[in-house]
Amino acid sequence: MKFTVALALIVLLSSTTAHPLQPQMAAGELLVCGWDEVFALDVHTLTNGSPRRTWTWRARDRKDLPEDFKTLFNTTDECKPFDGGSGVLITSSGSGVAFVDRAQDRVRFHARVANAHSAERLPGGRFVVAASHDPAGKGDRLIVFDVAKSNQELWSEELPWGHGAVWDEQRQVLWALADADIRVYELRDWDGAAPKLRRVATIALPERGGHDLSILNGTAALVVSTANRCWLFDRDARTFRPHPELGDKAGVKSINHHPGTGQIAYVQMESPNWWAQRIHFLNPARSLHVAGEHFYKARWNVPTT
Numbered sequence: 056m057k058f059t060v061a062l063a064l065i066v067l068l069s070s071t072t073a074h075p076l077q078p079q080m081a082a083g084e085l086l087v088c089g090w091d092e093v094f095a096l097d098v099h100t101l102t103n104g105s106p107r108r109t110w111t112w113r114a115r116d117r118k119d120l121p122e123d124f125k126t127l128f129n130t131t132d133e134c135k136p137f138d139g140g141s142g143v144l145i146t147s148s149g150s151g152v153a154f155v156d157r158a159q160d161r162v163r164f165h166a167r168v169a170n171a172h173s174a175e176r177l178p179g180g181r182f183v184v185a186a187s188h189d190p191a192g193k194g195d196r197l198i199v200f201d202v203a204k205s206n207q208e209l210w211s212e213e214l215p216w217g218h219g220a221v222w223d224e225q226r227q228v229l230w231a232l233a234d235a236d237i238r239v240y241e242l243r244d245w246d247g248a249a250p251k252l253r254r255v256a257t258i259a260l261p262e263r264g265g266h267d268l269s270i271l272n273g274t275a276a277l278v279v280s281t282a283n284r285c286w287l288f289d290r291d292a293r294t295f296r297p298h299p300e301l302g303d304k305a306g307v308k309s310i311n312h313h314p315g316t317g318q319i320a321y322v323q324m325e326s327p328n329w330w331a332q333r334i335h336f337l338n339p340a341r342s343l344h345v346a347g348e349h350f351y352k353a354r355w356n357v358p359t360t
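Mapping the sequence shown onto my numbering, position 194 (from 1) lands on 249, and the numbers just tick up by one.
Please note that the accuracy of each hint is not assured.
As the list claims (entries may be wrong) - Derived EDC-like pairs: lysine to aspartate or glutamate, alpha-carbon spacing no greater than 20 Å straight-line:
{"hint": "1", "residue 1": "K251", "residue 2": "E241"}
{"hint": "2", "residue 1": "K304", "residue 2": "D234"}
{"hint": "3", "residue 1": "K193", "residue 2": "D234"}
{"hint": "4", "residue 1": "K251", "residue 2": "D291"}
{"hint": "5", "residue 1": "K251", "residue 2": "E224"}
{"hint": "6", "residue 1": "K125", "residue 2": "D156"}
Hints were generated in silico from the structure; no laboratory data involved.
Given these sequences and hints, build the entire structure.
Dropping the structure here:
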């Protein structure tokens, strides 16, 4: 079954306002990004076959971003929700990072990070950005920031083709995804002015091309996509096995499991482009097709554990 994208969706896409709506707590709310707009869809509430848009954000519309930052968000590649969706971390391969207070409609933090590909909130009002490859040599890093200090790096370490970061509250470690491995970090000197991450382990990926990293809620597993396949990584045994439903899928840009419904949302590149016009769902299987869209990541608005 497929959502039919008709004129109603085209109208919906063209009429979004410059200011976000108040965050919704719908079980089916999905944050999506990939081009110059980040927005949220309630995929379980359809009007004329189209999902209801509950929130939208464009850098070019923001008065609380410096002018020279607005063009850095033309190719967004991460949109992680926090605190029930009241906060969203946004990164862009165009070298922009923003922490958006959705509830108060303001940008709380911004930074310039070459080829930023993902970000994660850390304890104590800090967060980390995974930066991928940059021809000028400013990427390939893992970088720590404080939300109170826009555009000021506190610490960094090399991370080849950095693409993912997940904070593990239970194990008190950060998992970071590089091209060929997953790296494990512990917090050091975290209460001081010069916090650090100390790498304590490096686990080789089954193949190169590490791309997406997310938590399979309620389990010990992380969900990982590589160049040609998708995997489940056991955080305790530190072993990989093929993803039971997506194991043989290549070019998967993001995978997210909803803990309440069991539904999986994933984005798979549509060659020759690195983006897609479709978001695919499993349990039940269907797809959302938006002609002309540039989907890259899709994240359920749910807590991660």
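Going through the hints against the structure:
{"no.": "1", "hint": "K251 x E241", "result": "holds, 8 Å"}
{"no.": "2", "hint": "K304 x D234", "result": "holds, 18 Å"}
{"no.": "3", "hint": "K193 x D234", "result": "holds, 16 Å"}
{"no.": "4", "hint": "K251 x D291", "result": "violated, 24 Å"}
{"no.": "5", "hint": "K251 x E224", "result": "holds, 17 Å"}
{"no.": "6", "hint": "K125 x D156", "result": "holds, 17 Å"}
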